[in-house]
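Engineer: If you read the sequences in order, they're chains H and U. For what it's worth, the numbering used here labels the leading residue of the first sequence as 1, then goes sequentially. For what it's worth, the numbering used here labels the leading residue of the second sequence as 1, then goes sequentially.
Hints were generated in silico from the structure; no laboratory data involved. Please read all numbers here as calculations on a predicted model, not as lab measurements. Incorrect hints may have been included.
[What the hints assert, rightly or not] Here are some chain U residues the structure puts well away from chain H; computed CB gaps all over 12 angstroms:
(1) Ser43
(2) Val181
(3) Ala216
(4) Ile355
[Said to hold, decoys possible] Simulated crosslink set (BS3-like; lysine-lysine; CA at most 25 angstroms straight-line):
(5) H:Lys437 with U:Lys298
(6) H:Lys391 with H:Lys437
(7) U:Lys171 with U:Lys14
(8) H:Lys348 with H:Lys391
(9) H:Lys388 with H:Lys348
(10) U:Lys171 with H:Lys437
[Stated by the list, open to error] Below, a sample of chain U positions facing chain H; criterion: calculated Cβ distance under 8 angstroms:
(11) Val64
(12) Leu125
(13) Pro128
(14) Ala141
For each residue, glycine too, the CB sits at the ideal point set by N, CA and C.
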Amino acid sequence: MVGLVRIGAYFPRRRLERALIGKAWGVRPPAGSRTVAAIDQDVVTMAVDAVLDCLGDDDPAAVDALYFASTTSPWGEKQAASLVATAADLPRTVAVADFAGSVRAGLGALRAALDGVAAGSLRRAIVVAADARLAAPESELEGLLGDGAAAVTLGREDVVAELVASASVSEEFTYLWRMAGERYVEASEPRFGATYGFGRDVAEALGLALRKAELPPGRVAALALAAPDARAAAEVAKRAGFDPGRQLVPSLLADAGVLGAPEPLVLLARALETAEPGDFLAVGAWGEGADVMIFRATDRLPAARPRPLADRLARGLPLPSYERYLRARGVLPGEPIIDTVTSIVEWKELRQDIRLYGSRCDECGLVQYPQTRVCLGCRARDRLLEHKLAKRGVVFTFTIDNLSPALEHPMPMAVIDLEGGGRVYLQMTDSAEGEVKIGTPVELTFRRLHEAEGHPNYFWKARPA
Amino acid sequence: MRDQVAVIGVGCTKFGDRFERGYEELICDAAFEAYADAGIEPSQIQAAYLGTYLPGAGGGKAAVSLADALRLYDRPITRVENYCATGTDAFRNGCMAVAAGLYDVVLVVGAEKLKDRGGRGLPRLGHPLLAKGNTAPGLFALAANRYMHTFGLGRETLAKVAVKNHKNGAKNERAHLRMEVTEEQVLKAPIIAWPFGLFDCCPTTDGAAAAIVCRADLAKRFKKPPIMLKGAGLAVATGRPYFDPTFDYLGFRSTQAAARQAYAMAGITPRDVDLAEVHDCFTWTEISNIEDLGFCEKGHGGGLVEEGRTALEGDIPINPSGGLKSFGHPIGASGVRMITECVMQLRGEAGARQIRDAEIGLAHNVGGPGSVACVVVLGRS
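Next up, chain H with everything else stripped away, as it sits in the complex (with noise of 0.2 angstroms):
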């Protein structure tokens, strides 16, 4: 049996009322409010905080693969998924590689992965997809689009839902496009796409996926599809034969917006927070043709279900303007940054730095970092083992600085006690005021500090867990 172990999601804190963007153009964008990611989070960070999530207590060390899927890596040339696999703790022997070029990226993704597992190449893969697109103020996409991250685990052993057929179409049809260098996606005639495009090609690969597996339409229990809008769903999933209202899981329209990349994974995880054993699920998304997937739930789905999507979205902060939203995604720049560190050191300590390792001396026991050759405790030397730190502690002290150079002020700083031993001072991010106090519980989280010279530089904070 192959297929999903786990999955996991993730969306930024920050959220945009549309009304505030309706406010600042006078147009009418869609109700409800948007995910943005904020100033120190790109697709590398939410795809870290969406990958831990995933794993959850297992052994990173078990991943043999993690592929990562986005139209909105910070690179044009350099891999996201090292990074994404590093600052994860995965294994150096870990296959890596990028999904890019279109939001049909993400299942793109999990058929190459699923594929491995069939094939027997790879034991336990893990599938991110994470996406941050930016559309032109005041442009209709603006007020659609959303900013979020899913990771699946996929694999042999432990499968909560079983891979039963899959089928692609490809054609090249240009209706979601950001040229090379460009900032803004930009979108082709809505009646065009849903009608050829999108439509269409889904409709195809639904009919395709459904042949393949030997079921009609309407044993589907559950049909996750990623489409430009909501409606274009509702209509694809007419054509091909299904019944929308029964079988359409709802959008995220309303609460996070259009994902991209990351937008089927997230869908079929709401889809398995009710499915039942042997359910059949199909889950497709588009661009420049289709890729659809059927699984059927098994019997381990309801002991280990993923977590509420309602949950994960709950405790949004709510950006105080339609500037402060411009801000956050780099529209309105921002006090330059201007430390680096150079890709040497960066290198040199990426293990403390990234996969974030401190010490714990075999003598007396102190578990300390940075880390050094001397005992902080008892003075020993070269005694010190190299000890991973837990990703959760309890703020010992903070303030909240409003001189520091900083993305975003004020920002609260902490001196947290890590769970399990171990003291680091970390910036505080996606705090509420009067969040950060001695004794709260906090939770790290990898994020994008500063960018000078072009080179970005990645590191932990913290948030209130």
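Given chain H, put chain U in place with the hints provided.
Structural biologist: Chain U in isolation, oriented as in the chain H frame:
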């Protein structure tokens, strides 16, 4: 080293936004004032120490900045840099050179031109990822918040330190901020790094100070009554206190250790100290310092301030000069400037802020926070 070294001359520039004065000019002002105070010629200086924390466009790189400012060539000059203890440590090194018998007369200068660096004054140095985002107020605020949480101290007590030091500094014509402030003003000032508001923080300052030390047995040959070095201590602790899981954030072990060394050398106890210039970079720091220096028990520093015992007329006057809070804090200059205040107080030259019959004065710097501290004890006889 007790009673082997004497301070025979001191000098200090006006502290403040010295946009009009260059780094070397400030050194010149302070050093020549010290020469005149001692009644010596520059040629009598056999060695010199320069305390500067941040070398910059204005100078401060290596000892040549002092050599060129004073045209003091062909003799040993050493630059000292030890965080905020730079000034007192430069002085301590000068005293050690004399005590070692190498030189008879040594010049110590502390100088800093922070304002040459633009708005924020202090650039961020150190690792670009670890502890990234820290600021001087933010680092001390970590300690202040833990301390205030533990001992139940409020911002009102901190504000009383600012009120007192501004009151003292207003009497001091060379102080940077010469205005008195009310507790209400302090409490309502914009927050810099919680719990510190603007008036809880020392300013970013330019300035220089100088001291001339000589062999005790030669000291009576010079113009002014000599002030004797009684004791000196320096202690370094971790430069990464925020990563130390054993640190309680209630005080600084570097100050405690440096004070133990200085008191032992001087053969005194904290009760013998008549006035102290302590490192009030932030209001809370003064409260913690007076505990670490042994003037009261840990947790009782706020009480001393509340009861007025640290005021000019109190039984342990703290920062009669106005302190870093009011006098200003050009980092490398501050420690030497504290020495000049102690010398003036012990000579009876402190004017409106004179502490009567002062026999023993103490100067203290702490930087890091808590990573390095220096304590110097001076006596009238």
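Engineer: Compare the structure with each hint and give your call.
Structural biologist: Hints versus structure:
no. : hint                   : result
1   : Ser43                  : 46 angstroms, holds
2   : Val181                 : 20 angstroms, holds
3   : Ala216                 : 38 angstroms, holds
4   : Ile355                 : 34 angstroms, holds
5   : H:Lys437 with U:Lys298 : 23 angstroms, holds
6   : H:Lys391 with H:Lys437 : 18 angstroms, holds
7   : U:Lys171 with U:Lys14  : 13 angstroms, holds
8   : H:Lys348 with H:Lys391 : 22 angstroms, holds
9   : H:Lys388 with H:Lys348 : 17 angstroms, holds
10  : U:Lys171 with H:Lys437 : 40 angstroms, violated
11  : Val64                  : 29 angstroms, violated
12  : Leu125                 : 10 angstroms, violated
13  : Pro128                 : 4 angstroms, holds
14  : Ala141                 : 4 angstroms, holds
Hint compliance for this structure: hints 10, 11 and 12 are broken, all remaining hints hold.
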